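Engineer: Chains as they are written, first to last, in my numbering: chain A, 1 to 196; chain B, 1 to 672; chain C, 1 to 159; chain D, 1 to 291.
Careful: at least some of the hints might be erroneous.
Anything over 12 Å on all C-beta distances counts as not near chain B; from chain C, calculated [what the hints assert, rightly or not]: (1) Arg-96; (2) Ala-103; (3) Asp-109; (4) Arg-113; (5) Lys-135; (6) Leu-144.
Subject to a maximum C-alpha distance of 16 Å in a straight line, what follows is the list of computed EDC-like cross-link-like pairs (lysine to aspartate or glutamate) [to be verified]: (7) Lys-143/C to Asp-104/C; (8) Lys-181/A to Asp-38/D; (9) Lys-217/D to Glu-486/B; (10) Lys-165/A to Asp-269/D; (11) Lys-40/C to Asp-131/C; (12) Lys-40/C to Asp-120/B; (13) Lys-106/D to Glu-185/A; (14) Lys-284/B to Glu-305/B; (15) Lys-143/D to Glu-176/D; (16) Lys-135/C to Glu-108/C; (17) Lys-178/B to Asp-154/B; (18) Lys-160/A to Glu-240/D; (19) Lys-628/B to Asp-592/B; (20) Lys-89/A to Asp-447/B; (21) Lys-217/D to Asp-479/B; (22) Lys-139/D to Glu-287/D; (23) Lys-106/D to Glu-178/A; (24) Lys-99/C to Asp-110/C; (25) Lys-487/B to Glu-214/D; (26) Lys-143/D to Glu-287/D; (27) Lys-626/B to Glu-602/B; (28) Lys-146/D to Glu-176/D; (29) Lys-89/A to Glu-28/A; (30) Lys-434/B to Asp-389/B; (31) Lys-191/A to Asp-98/D.
To be clear, the hints were calculated from the coordinates, so they are not data collected in a lab.
Please read all numbers here as calculations on a predicted model, not as lab measurements.
Glycine included, each C-beta is placed from N, C-alpha and C at the ideal position.
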Amino acid sequence: MELKRTVKFEADRDPEFAYWISHTVGGERIRHCLQCGMCSGACPLSLYMDYTPRRLMHLSREGFKEEVLSSFSIWLCTCCYACMVECPKDINITHLMYALKERAIREKFYPKRFPIPVMAREFAHMLLRSGRITESWLVLRIFLHCSLLRLFGMSKLGIKLLRSKRLRFAHEHIERREEIKKLAESVRTAKERMAL
Amino acid sequence: MPEQVTTSENSVRDPARIGVYVCHCGNNIAATIAVDEVAQYAAGLNKVVVSREYKYMCSEPGQAMIEQDIRDHGLNRIVVASCSPLLHERTFREVLSRSNLNSFYFQMVNIREHASWIHDNRAAATEKAKDLVRAAVRRVALHRPLEPRRVPIDPAVLIVGGGIAGIHAALTIANAGKQVYLVEREPTIGGHMAKFDKTFPTLDCAACILTPKMTSVGAHPNIKLWTYSEVMKVDGYVGNYKVTIRRNPRYIIEDLCIGCQECITACVYKAGKVDDEFNLGLSKRKPIYLAFPQAVPQKVVIDPENCIEFKSHRCKKTCVEACAERGAIDLNQKEEIKEITVGTVILSTGFKTFDPRRRPNYGYGRFQNVYTSLEVERLINASGPTGGDVILRDGTRPQSIGIIHCVGSRDHNTNRWCSKVCCMYSLKLAHLLKEHTGAEIYNFYIDMRTPGKNYEDFYDRMLDEGVHFVRGRVAEVSDWAAHPSEKGKLIIRAEDTLAAFVRRIPVDMVVLSVGMEPKEDAHDVRRMFNVSCSSDGWLTERHPKLAPVNTLTDGIFICGACQGPKDIPETVAQAGAAAAEALSLISAGCIDLEPYTAKVMEEVCCGCKTCIPMCPYDAISVDEAKQKACVNEVLCKGCGTCAAACPSGSIEQNFFEDEEIFEEIAGVLTHA
Amino acid sequence: MHENPAVGNEKAAFEPLIAAFFCNWCTYIAADLAGSSRMKIPPNVRVVRVMCSGRVDPQFILDAFSEGADGVLIGGCHPGDCHYQEGNYKTLRRFRLLKRMLADMGVEDDRIRLEWISASEAERFRAVMNDMVEKVRALGPLKLKPPAEVFAEEVAPHA
Amino acid sequence: MKFAYYPGCSLRGTGRAYEDSLLAVFRALDIELEELEDWNCCGATTYLSFDELTSYALSARNLAIAERMQLDIVAPCAACYLVLNKTQHYMHDYPHIDQLVRGALKSIGFDYKDRVKVRHPLDILWHDIGVETIRSKVKAPLKGLKVAPYYGCQIVRPYATFDDQYAPVSMDRLLEAAGAEVVSYPLKTRCCGGSQKGSLPEIGLDLLSYLLIEAKKCGADVIATACPLCQFNLEVFQSEVGSRQRPISMPIVYFTQLLALALGAPFSDIGFKYSVVPIQPVLRQKEIACA
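Sequences are here, hints too, so could you generate the full structure?
Structural biologist: Okay, here's the thing in structure tokens:
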């Protein structure tokens, strides 16, 4: 067992991060957090989390960016909204989890070949390209990016699905794909204009 | 501009010599308003003789400064620009009367609450202050001398609500030799406290300290106790409130009933059949019953909903037989309306406990072994449904008990406030339950709040007794076993925030420490007595620090939990305070009311009667002989609605005359 | 008629001046509460205290406009909560009448407003204030069809 | 009664059974459906974590199309239902999102007025049609079939107003109307792990096994779901769950499949052919026609 310095210096805090979290959508009331742990208690995934949602709330508002963005917990969130409906201070915890994921992806805060961010990225690309998701291809691409072995592990499942005619490899897409591109484009420019 | 209203001769105005005083209020005003600038500006205004600024106008020297100026400069009008008139108008009016000036030659300007505290732009705030001062100067020049209306105080006091607050206030006033009417909705007085087993932190038994007080209320010659009764209507004003009270029929002639309870034994129902309100449905009572053994008054009640006689008229009426020779039972009793006159009123209408069904994830109502704290009080009480033996609804004795704090408190989904007493009573229950059952006790709390004399010691004592404390709000109580050890138990799921992981704790019994809420009819009470309520529904005091039991309506006082969550010591202290306030009015014998009444300028009045329906108090009538309206000063409460309605402008409201208000309007708007 | 420094040439510089009549028991206290809670409210409002919103004579409002107010706000207790039982109902009735009349004279709807704000509703008080100032600022300075003095004489008697 | 039907990607992929049965039910109750013209993926919950703001614009496109069709949307997929609702909520609550989304829609020629309601089939069947009407139309009651109603997360939480967040009952009532016996299922709103099964198999399995084992304990013959992902997880990974504890065989069907069956739709047309865990044995055992 190796000894590790656990003391935190003020220099370890990132005030920008603290500011960001309390000004991002859903974080308006994060400073009200009682640290009561209702969110953790209600969370079906908290049993596996390195930092419980409650701790993430506190760490974020205090600006401990490293700890938060590199934590496993944000990727465990399945967005079931249990925390949000329970929160006694009406903090939109689920949405903050999205925000944290988004930021972690933007700032590359995740282990290599870690499937969840990969899935998000692949999903996004497919959506932007064709306007719809073809699950079969999505799954395929994700596993290609993570580990081929896994894919073989899953092949049994694939066969099962094929047999049940549920996996179809015909690419789904919408008619006016250009609209999707336009949408994304206009959001991008608007974001720059609003400096979001 | 509108035409000058002719004024009644009795009050001619002498040429105004105005003094203006601008207050710094330490830094409260000076921080955002250039006080000196305002004062200088005022000095230049028409008719202003002196204009000064000072750190604290309300202070001794501040007041002295005004008096000095009145003497030296022969001032006859005073304007003070400081805080809200609701705070210090009286203070400064007294300054004037001390200097033999009519106290209504004064106008107050609110540049703190209405300016310095709500603006940060110094320039703009200063401009605004100038405008307001200018308006006051122009207005005060027109003020007329007025005499406050002096009304006598009827020494009788009405107390609404017979919980510990009402009981204590009643005894205090009655012992001072004054008449008290104590009105209680339930068949007995005692309120919530009567249901408690022990009281924190001293653990003395609630009944032992309460029942003696209850008995003396029942026996006191100066207290008229009306239980099972409700206030229906309140008229009049301070010193002279006319109150209408409905006495619901209890179908027992109180003067004849001696509380022997023969009738109850005789009832055709051999056992109880209706949920017993006093034991919160944990036991049954008969349709004819005494709320609880020490009930005051010791008079039984019949509840018509469940009495066979009332439902079918086919009862043997064994109760009536049993009471044959006293004949105290009167099944034809009708409700009775009482009209009384009192000088002051004390509201002690109390609170209600939070209904945990509004927090479904705690399973109250779904799992039989989930109890509210109040139910547990009865469960451990020697005179309770189980005689103090803690046996669960399923007949077992709990080996492990979870006490969940903050149920319906500090929660945006239900009540946002902290109910203040739950931490302490949860500790108390932890102790009592341990004592009664020897079970493992877990307290789930967010923050442990034990502010109060000897409260922290009590907390330490619980720690010594080995009660578990888990810092975390419980997310759910379920009967879903995820582990063999959880089979057949209620599982409490919460994050142990100090350990920083989620725990599942199986228990046999769950106690929900429910918070305090305003009574559902708090708003009706508020309307009836003309007092105000916070948005949460708690009755609001005139000033949170300096007038904690007064309301904005003179002669109406509040005490106890109707004003906000509080424990017994605090409640009793407040009740004492309310009683003292009432007594001080009574012994003063009279009170001065604002003379803001309406008056008719007969020479202008055309007798059109437009004003008559305007007045909610029927204070205006028509002098048939003269065909002119005339105002009954005693009935007039000075709202001014008639003045606004009069087409010929012949009704004026004292201190709010059209002219005065027009000057004020022009003043605030016209930049000089 | 009056020189309101707030009234600038270009709309941007325009700061509206709003006269407010508050009843002593509800809205005035709400305003005090807003103060003691240190809420931030635009400095464009000038409060005149009356005992009851029922006291507010339509003439006051006309006068306020003619004296240079760009907007008028009346604050009273919620229906049913009037300290004098029903003063606020009377106000409401008059107010509806007056509003129609003002409309004829070209006073925009947003310039004149009746709000029920109870003693505890400081937050609501703030909201109303901000909203009103915003709306009136957007409308720009008050422009009356007939010259102000004339209309005060013409209309006041009918009020 | 007519709605704009928004299938979403899943109902065209792994959730085809849901689509087939839903259409059958609506047909049986004469609710008209017109497919949302050239609809696009709502972005699901995944896209949100990639690029929140764009995801609102994408889902708003569907709202705008429905508005142009002058119809309210019915969104059977839990994720779609949530995301569309969420988009509307956030456009109300946050001016900058509203501005940004409207701007984006303008750029593709939509002038969005926000006049669309997003409805869930449960909502429509329970409130608009009503339990009584359904009961009256039931041809083949599901006598004795013990069903565990499983709502999952995103339908009742956090925006749904048509049912209780903690203890929803809409599906219970509907299935009862269909003659089924609804068992009380404490985990009816507990999360199934969503896409975690794909990314973090172990954890996904844990969550799934809770749900499956508890349903067995409650004596359920089948679990009824209202979400393609829940259905997929619970059904397809059963064997894995089984391989950890004792094997489980629990048919996982869409509530619409059971309703359709009760309303007399031919067994072969309502998606049972896609099942991995066949429901026929249970039905036969209960003597409910399934041919």
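Engineer: So, for every hint listed, does it hold in this structure?
Structural biologist: Results of checking the hints against the structure:
1. Arg-96: 15 Å, holds
2. Ala-103: 21 Å, holds
3. Asp-109: 21 Å, holds
4. Arg-113: Since the minimum Cβ distance to chain B is about 17 Å, Arg-113/C lies beyond 12 Å and the statement holds.
5. Lys-135: 19 Å, holds
6. Leu-144: 15 Å, holds
7. Lys-143/C to Asp-104/C: Holds, because 13 Å separates the two Cα atoms, which is no more than 16 Å.
8. Lys-181/A to Asp-38/D: 15 Å, holds
9. Lys-217/D to Glu-486/B: 14 Å, holds
10. Lys-165/A to Asp-269/D: 14 Å, holds
11. Lys-40/C to Asp-131/C: 13 Å, holds
12. Lys-40/C to Asp-120/B: 8 Å, holds
13. Lys-106/D to Glu-185/A: 12 Å, holds
14. Lys-284/B to Glu-305/B: 15 Å, holds
15. Lys-143/D to Glu-176/D: 10 Å, holds
16. Lys-135/C to Glu-108/C: 10 Å, holds
17. Lys-178/B to Asp-154/B: At roughly 10 Å apart (the allowed maximum being 16 Å), Asp-154/B and Lys-178/B satisfy the hint.
18. Lys-160/A to Glu-240/D: 13 Å, holds
19. Lys-628/B to Asp-592/B: Status violated; Cα separation ~29 Å.
20. Lys-89/A to Asp-447/B: 15 Å, holds
21. Lys-217/D to Asp-479/B: Given that 16 Å is the threshold and the Cα spacing comes to 12 Å, the pair holds.
22. Lys-139/D to Glu-287/D: 14 Å, holds
23. Lys-106/D to Glu-178/A: Holds. Lys-106/D to Glu-178/A sits at ~14 Å (cutoff 16 Å).
24. Lys-99/C to Asp-110/C: 10 Å, holds
25. Lys-487/B to Glu-214/D: 13 Å, holds
26. Lys-143/D to Glu-287/D: 8 Å, holds
27. Lys-626/B to Glu-602/B: 9 Å, holds
28. Lys-146/D to Glu-176/D: Holds: Lys-146/D and Glu-176/D sit about 10 Å apart, inside 16 Å.
29. Lys-89/A to Glu-28/A: 11 Å, holds
30. Lys-434/B to Asp-389/B: Holds - the C-alpha atoms of Asp-389/B and Lys-434/B are around 12 Å apart, at most 16 Å.
31. Lys-191/A to Asp-98/D: 13 Å, holds
Going down the numbered hints, you'll see the structure goes against just number 19.
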